[in-house]
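In the order they appear, the protein sequences are chains L and Y.
When we follow my numbering, the leftmost residue of the first sequence carries the number 15, and every step to the right adds one.
When we follow my numbering, the leftmost residue of the second sequence carries the number 18, and every step to the right adds one.
Check before you lean on any hint, since a few could be wrong.
If the Cβ cut is set under 7 Å, some of the chain L residues that face chain Y in the computed set are [stated by the list, open to error]:
| no. | residue |
| --- | --- |
| 1 | Y35 |
| 2 | A41 |
| 3 | V43 |
| 4 | L69 |
| 5 | P155 |
Pairwise CB distance ranges, derived in the manner of DEER restraints [as the list claims (entries may be wrong)]:
| no. | chain 1 | residue 1 | chain 2 | residue 2 | range |
| --- | --- | --- | --- | --- | --- |
| 6 | L | I80 | Y | T91 | 25 to 31 Å |
| 7 | Y | Y136 | L | A119 | 31 to 37 Å |
| 8 | L | Q73 | Y | N153 | 54 to 60 Å |
| 9 | L | G83 | Y | W170 | 15 to 21 Å |
| 10 | L | A119 | Y | W137 | 39 to 45 Å |
| 11 | Y | V83 | L | W57 | 48 to 54 Å |
| 12 | L | A61 | Y | L203 | 51 to 57 Å |
| 13 | Y | V83 | L | A141 | 31 to 37 Å |
| 14 | L | Q78 | Y | F34 | 40 to 46 Å |
| 15 | Y | S235 | L | T45 | 37 to 43 Å |
Take a look, some chain Y residues computed to stay more than 10 Å from chain L by CB distance [to be verified]:
| no. | residue |
| --- | --- |
| 16 | M18 |
| 17 | A37 |
| 18 | V96 |
| 19 | M107 |
| 20 | I163 |
| 21 | S168 |
| 22 | L203 |
| 23 | F206 |
| 24 | L234 |
Worth flagging that the hints you see were computed from the coordinates, not collected in a lab.
Glycine included, every Cβ here is placed at the ideal spot set by N, Cα and C.
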Amino acid sequence: MARKQSATKQPATQQPTGTSYLEWAVAAVGTVLVAAAIAYLVWYGIARPDGPPELAIRQLSEIQKIRDGYLVEVEVENYGHSTAAAVEISGTLEQGGTDVEDSSATIDYVPQQSTRQAFFQFSENPADYTLKLRVKGMAKP
Amino acid sequence: MLMTMEMWWLGFTVEPFRLALLLFVLVPMLTGLSRLGGFRNNLHILDDVADSLVAIAVATISAVIVLALFNLITLEMPVREVMGKIAVQMFPAAIGAILAQNQLGGGVRDKMEEVESSYWGELLILAVGALFLSLNIAPTEEVELIAYQMSVWHVVIIVVLSIALLHAIVYMVEFTGTEVRVESFLSVFVRFTVVGYAVVALVNLYLLWTFGRTDGLSLHEIMSLVAVISFPGAIGAAFARLIL
Numbered sequence: 015m016a017r018k019q020s021a022t023k024q025p026a027t028q029q030p031t032g033t034s035y036l037e038w039a040v041a042a043v044g045t046v047l048v049a050a051a052i053a054y055l056v057w058y059g060i061a062r063p064d065g066p067p068e069l070a071i072r073q074l075s076e077i078q079k080i081r082d083g084y085l086v087e088v089e090v091e092n093y094g095h096s097t098a099a100a101v102e103i104s105g106t107l108e109q110g111g112t113d114v115e116d117s118s119a120t121i122d123y124v125p126q127q128s129t130r131q132a133f134f135q136f137s138e139n140p141a142d143y144t145l146k147l148r149v150k151g152m153a154k155p
Numbered sequence: 018m019l020m021t022m023e024m025w026w027l028g029f030t031v032e033p034f035r036l037a038l039l040l041f042v043l044v045p046m047l048t049g050l051s052r053l054g055g056f057r058n059n060l061h062i063l064d065d066v067a068d069s070l071v072a073i074a075v076a077t078i079s080a081v082i083v084l085a086l087f088n089l090i091t092l093e094m095p096v097r098e099v100m101g102k103i104a105v106q107m108f109p110a111a112i113g114a115i116l117a118q119n120q121l122g123g124g125v126r127d128k129m130e131e132v133e134s135s136y137w138g139e140l141l142i143l144a145v146g147a148l149f150l151s152l153n154i155a156p157t158e159e160v161e162l163i164a165y166q167m168s169v170w171h172v173v174i175i176v177v178l179s180i181a182l183l184h185a186i187v188y189m190v191e192f193t194g195t196e197v198r199v200e201s202f203l204s205v206f207v208r209f210t211v212v213g214y215a216v217v218a219l220v221n222l223y224l225l226w227t228f229g230r231t232d233g234l235s236l237h238e239i240m241s242l243v244a245v246i247s248f249p250g251a252i253g254a255a256f257a258r259l260i261l
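Next comes chain L alone, as it looks inside the complex (with noise of 0.2 Å):
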């Protein structure tokens, strides 16, 4: 009640004012944004399939020749249904059985049903080889 009384005190630019359509017009749009992000937080909460990350690597595009060597670009892709963290890749040259070189990554997250790039960099070029992609392991977050 002492709030009503010295809001009459006050000049007249701060006289309360009550709230236009166009203010309700966007306070609804704020209503459906937190009821939204609620119910689908909520409802992912409930019918979250738990499990374990799953991840798999390929190769992505054309090995491309760079100054100082080769790159080769790869995509890990998490079809679990959690995150995976620190996830470490590899890729291997072979021949015949035995490996010529070796490149590793790490990404910081793959997140549940997403997809992360990466690159690795060879000095030998790996049109001449087998390439091996490899998910070593990875972190809980």
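The hints should help you fit chain Y onto chain L, whose structure is shown.
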């Protein structure tokens, strides 16, 4: 917050129920803040509710635009990742929107005089001050790193120091404010400083839990974390009273 990488990561690592609860708390909290000094002088509580929903709408749309601009959300990303990244930002952005209006909008000073007469209002301001500062710090890994490096005695000292700083600032506000209250040291200390620090600590514990920072930690480690984050939190809370 939009430029903190831990916040993006939280978008897909956070426990969905905890994030939903945080958003659920948002509307009543913003309404309380708006009541204390938001967009305008409101006669009816419904107008405050409208103001906080407007703040949320503006905050969410801004967050989406900035996240898209930073290429942190794209159309190719799965819904879960995009929704998570946006939802994590809604909370700090909406508080920011209300507080910015407090600071930049006119007519705040007059209203704050009224606010200072309400004890619960002051506690809410302390809590929001702590929340706003801690939100920037709680998701980062540095909090954990600092907590692990500190011994028990470091923790004790940082708690004492936080309380002392909080009291110093509370005391300063109390006697430079428009209404000079003649209260004993003990009264101010117990009613504002101790309770204030407890509020700050609880708010921080809640935030750490929401972000999953307390999972799997021993009680001792949780307390160290809360003490570390309450150090800036307490100072933020105290200055929130001064500024807001």
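Checked hints:
For L:Y35, the suggested interface contact is broken, since its CB lies about 11 Å from the closest CB of chain Y, more than 7 Å. A hinted interface residue such as L:A41 counts as satisfied when its beta carbon comes closer than 7 Å to some beta carbon of chain Y; here the least separation is about 4 Å, so the hint holds. Because the smallest distance between the Cβ of L:V43 and any Cβ of chain Y comes to about 4 Å, under 7 Å, the interface hint for this residue holds. Checking L:L69 against chain Y by beta carbon gives a least distance of about 15 Å; that is not within 7 Å, so the hint is violated.
Against a cut-off of 7 Å between C-beta atoms, the interface hint on L:P155 holds, since the closest Cβ of chain Y lies about 5 Å away. Distance hint for L:I80 and Y:T91: a CB-CB separation of about 26 Å, consistent with the stated range 25 to 31 Å. Against the hinted window of 31 to 37 Å, the Cβ-Cβ separation of Y:Y136 and L:A119 comes to about 57 Å, which falls outside the hint. The supplied range of 54 to 60 Å is broken by L:Q73 and Y:N153, whose beta-carbon atoms lie about 41 Å from each other.
Taking 15 to 21 Å as the suggested C-beta distance range, the pair L:G83 and Y:W170 does not conform, at roughly 53 Å. Distance hint check for L:A119 and Y:W137: the Cβ-Cβ separation is about 54 Å, which falls outside the suggested range of 39 to 45 Å. The hinted window of 48 to 54 Å between Y:V83 and L:W57 is violated, with their beta carbons roughly 26 Å apart. Against the hinted window of 51 to 57 Å, the Cβ-Cβ separation of L:A61 and Y:L203 comes to about 54 Å, which satisfies the hint.
One distance hint, 31 to 37 Å for the beta-carbon pair Y:V83 and L:A141, is violated here, with the actual separation near 42 Å. Take L:Q78 and Y:F34: their Cβ atoms lie about 45 Å apart, and the range 40 to 46 Å holds. Distance hint check: the CB atoms of Y:S235 and L:T45 are about 41 Å apart, consistent with the given range 37 to 43 Å. With 10 Å as the threshold on Cβ separation, the claim that Y:M18 sits away from chain L holds: the shortest Cβ distance comes to roughly 16 Å.
Interface exclusion of Y:A37 from chain L breaks down, the closest Cβ pair being 4 Å apart, not more than 10 Å. A beta-carbon of chain L comes within 10 Å of the beta-carbon of Y:V96; the shortest separation is about 8 Å. In this structure Y:M107 is not separated from chain L by more than 10 Å, as the shortest Cβ-Cβ distance comes to only about 6 Å. Distance check for Y:I163 against chain L: the nearest CB is about 20 Å away, which clears 10 Å, and the non-interface claim stands.
The Cβ of Y:S168 sits about 27 Å from the closest Cβ of chain L, beyond the 10 Å cut-off, so the non-interface label holds. Here Y:L203 stays apart from chain L, with its beta-carbon at least about 28 Å from theirs, past the 10 Å limit. Taking the minimum C-beta to C-beta distance to chain L, about 27 Å, the non-interface status of Y:F206 holds against the 10 Å cut. Every Cβ of chain L is farther than 10 Å from the Cβ of Y:L234; the closest lies at roughly 15 Å, confirming the non-interface assignment.
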